[in-house]
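Peer 1: Sequence:
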Amino acid sequence: MKNRILFWIFAPLKNISLGVIIFLIFHAFEKTSNNQIIGLDTKILLSILFPLLTLIIEYIFFISTRSRE
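Using the working numbering, you'd call the opening residue of the sequence shown number 1 and step up by one each time.
Simulated from the structure, these hints should not be mistaken for lab results. One thing to keep in mind: the hints can contain errors.
Distance condition first, Cα-Cα at most 30 Å in a straight line; then the derived DSBU-like pairs of lysine-lysine [unchecked claim]:
hint: 1; residue 1: K2; residue 2: K14
hint: 2; residue 1: K43; residue 2: K14
hint: 3; residue 1: K14; residue 2: K31
hint: 4; residue 1: K43; residue 2: K31
All chains should be modelled from the sequences, with the hints used to inform the complete structure.
Peer 2: Structure (structure tokens):
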């Protein structure tokens, strides 16, 4: 039970941080090149969907390792 609580505390925090980093990297690329690389909607979509997919995959691994114990 304790592992499950720790997972749901730290996994979303890690993935939120990942989403922010992805958004800021795309924003920095846009500022350094002085032209638009991708649109704001695509930045937001990638910043949300990639960490969400990562969280789902981590949860699947977490559940599968718990069932083996």
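Peer 1: Indicate, hint by hint, whether the structure satisfies it.
Peer 2: Going down the list of hints, with the structure as the test:
1. K2 to K14: Holds, at about 18 Å.
2. K43 to K14: holds, 18 Å
3. K14 to K31: Holds, because 26 Å separates the two Cα atoms, which is no more than 30 Å.
4. K43 to K31: holds, 14 Å
Consistency note: the structure conflicts with none of the earlier hints.
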